[in-house]
Amino acid sequence: MTEVIVWSGWVGGLAVGLYMLLQWLVSGHPLGVSTGYGNLCSFVSDARFFHEGDYSQPNNWRLWFLIGLPLGGLLAALTSPNAIVASFSLGAMYDAVLPQALWAKGLVLVFGGVMIGYGSRMAGGCTSGHSIAGSAMLNPPSLLASAGFFVGGIIIVQLLFNLLA
Amino acid sequence: MKKYSFLLLGVAFGFILSRAGATTYDYYAKLFLFEDFQLLWVIATAAAVGVAGVALFKKIKLRSWFEGQVVQFKGKPYKPSLVPGSLLFGMGWGLAGACPGTALVMLGEGKLGVLFTITGIALGTYLYGLMQSRALTVKPPTVVAQSS
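Protein chains in written order, with numbering that gives the first Met the number 0: chain A, 0 to 164; chain B, 0 to 147.
Hints are computed from structural coordinates only; laboratory data are not their basis. Treat each hint with caution, since some may be false.
Stated by the list, open to error - Label pairs and their computed distance ranges (CB to CB):
| id | chain 1 | residue 1 | chain 2 | residue 2 | range |
| --- | --- | --- | --- | --- | --- |
| 1 | A | L21 | B | P76 | 20 to 28 Å |
| 2 | A | L21 | B | T136 | 20 to 28 Å |
| 3 | B | K60 | A | W102 | 52 to 60 Å |
| 4 | B | P83 | A | L21 | 47 to 55 Å |
| 5 | A | Q99 | B | K1 | 42 to 50 Å |
What the hints assert, rightly or not - A short list of chain A residues far from chain B (calculated; beta carbon distances all over 10 Å):
| id | residue |
| --- | --- |
| 6 | S55 |
| 7 | P80 |
| 8 | Q99 |
| 9 | A100 |
| 10 | L162 |
From the three backbone atoms N, C-alpha and C, an ideal C-beta is built for every residue, glycine too.
Starting from the given sequences, assemble the full structure and let the hints guide the process.
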């Protein structure tokens, strides 16, 4: 698995916060990622939901932002001292509790992804839209959603690591 | 043209998420086991910087470069599905060790497990859209038409 440089938490947070402010300054759009997954659905689905409101024009900034993210990861990996290692490993901790067989591990991750995708639409946003941009605006629903994200994470990880590890 | 500049913004945000540790699976497990608060520090510091920045932007009535209009800092609304949705999201977050943004960044780092996670996120979003579209078809949004 690729090892990347990691800054101190507060330095990383400072960078994330300044990035968010820069995006507001440049474009007027608050930071947000999960809505963009619906843009991808707009290209393959005729369902009404993906052609109204946020998705009336799916080839928008969100789509291009999503395309940029993996390139940012590639840049981060290329500028880290260790070589990029393409791998299905999730690191020591998750590999110890998730199934060994790739198909079974993949099934768990697809299931986790479905919860992330469905849950973020139910909540109206994800960690970036609610926990970072929403918290910056001290928006009460976003603070509530952020609390829910953490509670959900604590529940599943405590169960996973205390029952299986 | 403006939307294409988001390709660069995405690269910048992806790079920062990686350096912040948000693309390292172990930090998610350690966060929810209360062993290492790296990601909590990242979110808390980002939010604090954001609160100060938004306060400043509101005070100076910031106009964005692209739109030229005063930026409205309008928060996402509450809806009844917000709490159950946030819990469901949290469980997926902890199970997969990634969120919608970081999963895409991890793909660029060669962490191939996120191919499954990303597929799942898109699928979950699609399922939600299908359910909503069915609800829309059954109950046409007549209320919207009535508003003055």
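query: Is the Cβ of Q99(A) more than 10 Å away from each Cβ in chain B?
result: holds (13 Å)
message: Looking only at beta-carbon atoms, does the pair K60(B), W102(A) fall within the given range of 52 to 60 Å?
response: holds (55 Å)
L162(A) remote from chain B - nearest C-beta pair above 10 Å: holds (13 Å)
query: Between L21(A) and P76(B), does the C-beta distance stay in 20 to 28 Å?
result: Since L21(A) and P76(B) have Cβ atoms about 25 Å apart, the given range 20 to 28 Å holds.
message: If I claimed the Cβ atoms of Q99(A) and K1(B) lie 42 to 50 Å apart, would that claim hold in this structure?
response: Taking Cβ atoms as reference, Q99(A) and K1(B) lie about 47 Å apart, which means the hint holds.
query: Has the hinted range 47 to 55 Å been met by the Cβ atoms of P83(B) and L21(A)?
result: Between P83(B) and L21(A), where Cβ atoms are some 34 Å apart, the hint is violated.
message: So S55(A) supposedly isn't at the interface. Is its beta-carbon more than 10 Å from every beta-carbon in chain B?
response: holds (14 Å)
message: Over 10 Å from every CB of chain B: does P80(A) meet that, or does the non-interface label fail?
response: holds (13 Å)
- request: Determine whether the Cβ-Cβ distance between L21(A) and T136(B) falls within the hinted range of 20 to 28 Å.
  value: violated (41 Å)
message: Verify this label for me: A100(A) is non-interface relative to chain B, using a Cβ-Cβ cutoff of 10 Å.
response: Check passes; 13 Å lies beyond 10 Å.
In this structure, the earlier hints numbered 2, 4 are contradicted, and the remaining ones agree with it.
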